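Read off the chains here:
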Amino acid sequence: MSIRRTLLFMSLVLTCSIGQAAEVVPKIAWFGTLKSGLAEARETGKPILFVSAAPHCLGVPGEW
Amino acid sequence: MDRSYLTNKSVIDASRDFVCIRVATYESEEELKFMSGLYQRNGVVENTTFAMLAPDGKTKIARAGRGPMQFRSSSDMARSMKQASEKYKAKSEVDSFPAMQAVDLALNVAACDNVPLLVVIGKDAAEAKAIQKRLVPAIWSEQLQGQFVHCSTATFDDLKPFTGKKLKSGVLMVEPDSYGLTGKILDRCAADSTTEELQKRMLSVVKSFDRNSIGHSNHVNTGIALGIEWKTKLPETDAQSVRATDRARGR
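Chains as they are written, first to last, in this note's numbering: chain C, 1 to 64; chain U, 1001 to 1251.
Check before you lean on any hint, since a few could be wrong.
Here are the computed lysine-lysine pairs in the BS3-like style, where the Cα-Cα straight-line distance is at most 30 Å [said to hold, decoys possible]:
(1) Lys1200/U to Lys1168/U
(2) Lys1060/U to Lys27/C
(3) Lys1129/U to Lys1082/U
(4) Lys1200/U to Lys27/C
Hints are computed from structural coordinates only; laboratory data are not their basis. Predicted model only: the values in this text are computed from it and were never measured.
The whole structure should be built from the sequences, with the hints applied where relevant.
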């Protein structure tokens, strides 16, 4: 009886986990060049959020 | 770069009514000149610059500085952004391809952001543009905006850092290595792929993207030990950063 219950429980867990897609976490969508971003702002009339940063730390790339 | 304000949900929501421009400091003369007009300290451009501007690209709507810390909190920043977007209402939506200036820089930035890199490769500039046009509705869709770093090239040699089957023309989606110097091709789409097909494949890559980080300190210390160093196109002018780098590298 307990084996049947265990199997039933496991199949329920499996059914719940199948088809569960990873959640997409929203992020800011960046223009990568000043020229393209400024052109887009003029075209759309949207205000600009401007950020610059160095894509390296102590010269090591891959970390801001 | 700030990791708190710019990852806050209310700031991200507010950013949808803005054109968000993020450039790599010290990689373009034109961009550096623009930054120097926004904010300098001791007469030089430092590693980071932050500004909020009117659509004319000139009028400041918040104080420029190194970062968004003028705002007491992310909520405060989001509120200020909402006020700005009420004043400057959009007359149309964004619809261009948001590429970085070069493939190697884009790969580095994708590593920094821990997101996949999307590369358009065309046999010539005209074909690259045609592929970009089909990608634009997918890139700016609700689920996919901000999920990739983008770049475009008509030079096959630019794909050298990538492992996996390449295309002479089409779209590659790439997982950057830890240091953004090489990448593994996760998926590829033919040059004549429809917007719907591209969007489906992009979403699939985003949902399955699973790249672990070894932590900031380990990353930097290991990188220094391995002699890995990013050469900026222009000299760095942030004296504190240059001194720290020289010290860390025993120069």
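Given the hint that Lys1060/U pairs with Lys27/C, does the C-alpha gap stay at or below 30 Å? holds (24 Å)
Are the Cα atoms of Lys1129/U and Lys1082/U separated by 30 Å or less? violated (33 Å)
Regarding the pair Lys1200/U and Lys1168/U, is the alpha-carbon distance no greater than 30 Å? holds (22 Å)
Would the hint linking Lys1200/U and Lys27/C be met if the CA-CA limit is 30 Å? holds (19 Å)
Checked against the numbered hints listed earlier, the structure breaks hint 3 alone; every other hint is satisfied.
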